[in-house]
Amino acid sequence: MTRVQAIGALGALLVPAMCPRRAGAQQTPAPRGGLLRTALLHRELWGAGYPQLVRSVGAWQAAGEQRIIVAPDLIIGANPYKSEAEAARGAAQFRAALAKPVTGAGEFRTFAAAATPGTIAVRRYGLDGSYRVTLAPAGPAFAPGLRLGVVEKLLGKPERVTVETKADENSERRALTLTDHVYAGGALVYQTSNYAPAPDWVFRVVLQVPATLRTLEAQ
Amino acid sequence: MMRSNVFFAVLCAALVAAPLAAPAATTVDIAVSAGDSTAFIDYSEPSIAVNPFNPNQIAVVAFAGNWGPSTNAPVWKSDNGGTSWRRVAQLPQPAAGLSGPSDQKIAFDRNGKLVAAMLGVDSMINAHDFLYRQGATPDATMLVGAQYGDDQPHVEVDHTPGSPCVDTTYSPWLQTNITNFRSHAETSGTFGAAVADVAFGVNAPFPNRTTRAAVAPNGKAYMVYKTREGSAGGSFENVNYHVVRSDDCGATWTGLGTAGVAVTSSTQQSYFTLSWGSGGTTGKARSSDAWIATDPVSGDIYVAFVNKDASTFAQIFVARSNTQGSSWTVNRVTDGTHNSAYPEISVSHHGTVGVMYVDYDTSGPATQYRNHFSRSINQGMTWSDQTLQSMDPSGFPNTQNGFIWGDYQGLASIGTSFYGVFTGASIGRVTTQLDPIFFKEVELPTSADFYVRDWTAGPGSFDTGVEPSTNSDFFSTSDVWNRRENAPGALDPNAPPIQENPDPAATNFAYARISRNTSGTAASVNAHFLYADYGLGSNFVPISGSPDTMVAFAAGDTQLVTTPVSWIVPATHSGHVCMAVEISAPPGDPIAPPDLTGNAPGPADPLVLGDNNKAQRNMGIYPATGEHSLYAVIHNPELTTQDVALRITTQYPLNVRVVAPDAPRTALQQVPVKASQTLTLPALRPGENRWLELTFSAPPKLGATALVTVAQVANGRVVNGFVSGLRTASDTDLAKANERDTVAFKRRLAASGLTPAALESGGDPFGLRKGMGKTQNERAAFFHRLDAAITAYQKQRGDPADVLQMMRWQREKVAAQPKLRPLVRRLDQVIAAYPRVRTQAEAYARYAAFVRATAPGVSGADLASLEHAHRAYLLTH
Chain P
90 MTRVQAIGAL GALLVPAMCP RRAGAQQTPA PRGGLLRTAL LHRELWGAGY PQLVRSVGAW
150 QAAGEQRIIV APDLIIGANP YKSEAEAARG AAQFRAALAK PVTGAGEFRT FAAAATPGTI
210 AVRRYGLDGS YRVTLAPAGP AFAPGLRLGV VEKLLGKPER VTVETKADEN SERRALTLTD
270 HVYAGGALVY QTSNYAPAPD WVFRVVLQVP ATLRTLEAQ
Chain W
474 MMRSNVFFAV LCAALVAAPL AAPAATTVDI AVSAGDSTAF IDYSEPSIAV NPFNPNQIAV
534 VAFAGNWGPS TNAPVWKSDN GGTSWRRVAQ LPQPAAGLSG PSDQKIAFDR NGKLVAAMLG
594 VDSMINAHDF LYRQGATPDA TMLVGAQYGD DQPHVEVDHT PGSPCVDTTY SPWLQTNITN
654 FRSHAETSGT FGAAVADVAF GVNAPFPNRT TRAAVAPNGK AYMVYKTREG SAGGSFENVN
714 YHVVRSDDCG ATWTGLGTAG VAVTSSTQQS YFTLSWGSGG TTGKARSSDA WIATDPVSGD
774 IYVAFVNKDA STFAQIFVAR SNTQGSSWTV NRVTDGTHNS AYPEISVSHH GTVGVMYVDY
834 DTSGPATQYR NHFSRSINQG MTWSDQTLQS MDPSGFPNTQ NGFIWGDYQG LASIGTSFYG
894 VFTGASIGRV TTQLDPIFFK EVELPTSADF YVRDWTAGPG SFDTGVEPST NSDFFSTSDV
954 WNRRENAPGA LDPNAPPIQE NPDPAATNFA YARISRNTSG TAASVNAHFL YADYGLGSNF
1014 VPISGSPDTM VAFAAGDTQL VTTPVSWIVP ATHSGHVCMA VEISAPPGDP IAPPDLTGNA
1074 PGPADPLVLG DNNKAQRNMG IYPATGEHSL YAVIHNPELT TQDVALRITT QYPLNVRVVA
1134 PDAPRTALQQ VPVKASQTLT LPALRPGENR WLELTFSAPP KLGATALVTV AQVANGRVVN
1194 GFVSGLRTAS DTDLAKANER DTVAFKRRLA ASGLTPAALE SGGDPFGLRK GMGKTQNERA
1254 AFFHRLDAAI TAYQKQRGDP ADVLQMMRWQ REKVAAQPKL RPLVRRLDQV IAAYPRVRTQ
1314 AEAYARYAAF VRATAPGVSG ADLASLEHAH RAYLLTH
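Going down the list, the sequences are from chains P and W. In terms of the numbering used here, the first sequence opens at residue 90 and continues consecutively. In terms of the numbering used here, the second sequence opens at residue 474 and continues consecutively.
No lab work stands behind these hints, which were simulated from the structure alone. Keep in mind it's a predicted model, so treat the numbers as computed, not measured. Glycine is no exception: its CB is placed at the ideal position from the N, C-alpha and C atoms. Check the hints yourself; a few may be wrong.
[Claimed, not checked] Beta-carbon label-pair distances, calculated as ranges:
no.	chain 1	residue 1	chain 2	residue 2	range
1	P	Val252	W	Gly931	22 to 28 Å
2	P	Ala151	W	Ala562	31 to 37 Å
3	W	Gly933	P	Val252	52 to 58 Å
4	W	Asn584	P	Ser172	24 to 30 Å
5	W	Gly703	P	Val252	49 to 55 Å
6	W	Ala562	P	Thr208	31 to 37 Å
7	P	Glu241	W	Ser510	21 to 27 Å
8	W	Gly753	P	Thr208	41 to 47 Å
9	P	Val252	W	Pro1291	55 to 61 Å
[What the hints assert, rightly or not] Take a look, some chain P residues computed to stay more than 10 Å from chain W by CB distance:
no.	residue
10	Glu133
11	Pro161
12	Ile165
13	Asn168
14	Tyr170
15	Glu175
16	Arg178
17	Arg184
18	Thr223
19	Gly245
20	Glu248
21	Val250
22	Leu265
23	Arg303
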């Protein structure tokens, strides 16, 4: 077993213990603090890659990313770099920041400390042809198969729902429709999509980086 | 209903003046029929495939549901020709993390197995193409095959039996991750399990778009692609549509040069817009402006495309090539009054060209979007148009993404029918929304579609003209038959007419029962009778004398029997024959070429199965009082060596032996058959004959019949067959039959100049030396052996029925030599004209000229000997 594999295996063992609390009125009272903090602490909402998500938020901020898109297998910086070289510089900043000591407070610091290394890469974003910095965590960052019903049960109804269609400028492929279910003043967005297996299937989660970082670092 | 080249040549002008009224298409809301009500689904960009072996089986995909980690995306299927639909979740997520499907296209292979090209999208919203193939059963989860390109996958399968590239899967796609987009073709010999990629055409200086595929029956594969050549203002840009060709099953695409051939002589103007339409975004029109199809019989190529012409409207045009893509003629489909886009094209087995497209009309208070279907029965020169549906989609709940049309709509053709699917207004929902709308249109109204039944199984169970024919026994209960007397015999609409074996020494009478499903106008239907050696694969020739008769249908008639057509078996020929008829009812219902003259149904072209204007009766029932050996010729009518698989079915104990007089002698093995068994005759060369000897006994009961059915099976389906039977007769009746046969054989031997010694020379494969025997049954059995021996002797010295087969074979050899290709068109003309010769002398003169031009040193004093020499030449060159 290589060192990377060993770390990965260890991380997988640690993750269940390190995940946010399971929701449920009897077993786990709703977390204290704002809605974003509540969301970040509900175990049902997140997946095995959650520690890396928590661990990376500060690094995204350091790399100048204002928003991150959390897909099932990938965390994507929202900065649309025009060239691969530009994005590579952003990725270098991100990598350097991620190598710094763990920050955060309380439970979040514990989660971050359990994070296994993810894979940082620059990838082309199909919708607009830009290049993005990405982090592939060891497991899905948010709960696989998460349904909107679970989100609403834990967080309540969204503040607003908006629909946008992303027309790929390059191809004629089926238009991507994203429905944003907005929480925490826009700091947290659950997106459903016409590409998802079901209408209430959470396709992606979008986090505002500064607000998320403030929540993670709050005592 | 069928077309012929002659028909077109003669009547084109008349058709232009008076096109047939298009019958109204049948439309069905697929999603409603299948019980789908999910409103968040787009239900757009559909694709359709029709099983070539059973056109009642139709598959459609659209954006009707997505796959997931444990969820399959759906395929809608109909098992009854599109009347009703069911949802089959069978498209799995092709790889972890991929969403979709996005683009999708489906096709059937020749055996009715579904193949699909699918596009999945990863978390970076980058696309990945995949090919899928059928799993364990038609409705099982499909198997994910190779991953290849990044956008706009299409798929076609070469499903022509006999094509050198049969079963090759072609998937064109567009490479979009480079500055100048480029067209590619994936080729697979494993239905997508593994693929090989070829980038084709040229993408410099102009980038490519709109890549589509079509496969011709001769195995040539074609792709159309567009080059974008600069803005033409507004939503339009300058374009050229090019066609490339592969002559090697997709290994290369340079048959028409690297860039291919432009289908027009000048640059065209087409859409390049994300907001096609009026009054709101309704469609993306950038890679959806061309489609390609081939004539499944002639191989002519058709390209439908968009061009804004002098009318100032974007119009639909069709280019046709009958030169394998090297030259094109262009006609406009639309009438120059509305902007039109999204053309799809397909060609029926009869050469009717169908084009589906969308236009919009802004003359009313709300813009109306109209799905059209146009068809041409004169190779694109003139068109008749119908609006399948009009809609104002502005208030539909599932149009929120604003893109109603894109790269995919579906049009296909099998036999006499067109099958299409378009994105339209739902039918039967409380709130109207976008749904996939299926339509089917037959080329002719049922009142004008005349046919001869291929089968009748019993009350209410008979052929109704469906193409291809739906009963695997389409050769023993058909509505063409022979009588020894000038009367058709007892006729019952729920039973096959009663066949009598032709009398080789007297006048016979040929009959056909001609049907149409509904009454209509008065019409004259011509029936043309043919015969062939008894068995499988023997080429048909017209019966002697006047092989044609005309049947006058009054307006109210739906079924008539021909007047008797008298004929005699040629004096030198066996009386054991198969009968066939071809009917034609111009102007709308001629036979599909090729006609049966010089042809035989087989794997390469079922002929009779696919054309309801043709029928054959391959059945021989003979009197007996005990055991007989019956003989049937197994002939290879193809142009390549093939194994012939025979499925033999019997209810009586049966021994089977294969006799191969002109092959190296091997030990002959008798195969006992109890119920059903498959026997393969290996490596029959073109034109080669072997004899199947079926030895069994007549049943004990007087008047009872023992039947043996022999079906030729290729790729799991029956492509031809015959039935042999022994009917238990009294000694008296058998003696009378033997007396007739004695007269007939004396006549035949005399006409042939044959002696018993000549027949017994060689290996005596038919056992003549055993002698005639003493009983009537032994005498009758001897006559069967004698008949086979004479036929074999004659065929070993040449067969005039095989002349056309040899000409076609020669033509293929010429076409394979680049230096000789200019000759091919001339040879095609000679071959096309040959069936119309009327005398032996004319036939010999034409064939001799053909042979002189193509096969140096080959000669023969008559048709048979010339054919014999020619075949020997072809076997060695």
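Legend entry - Unsatisfied constraints (hint numbers, rising): 1, 2, 4, 5, 11, 12, 18 and 22
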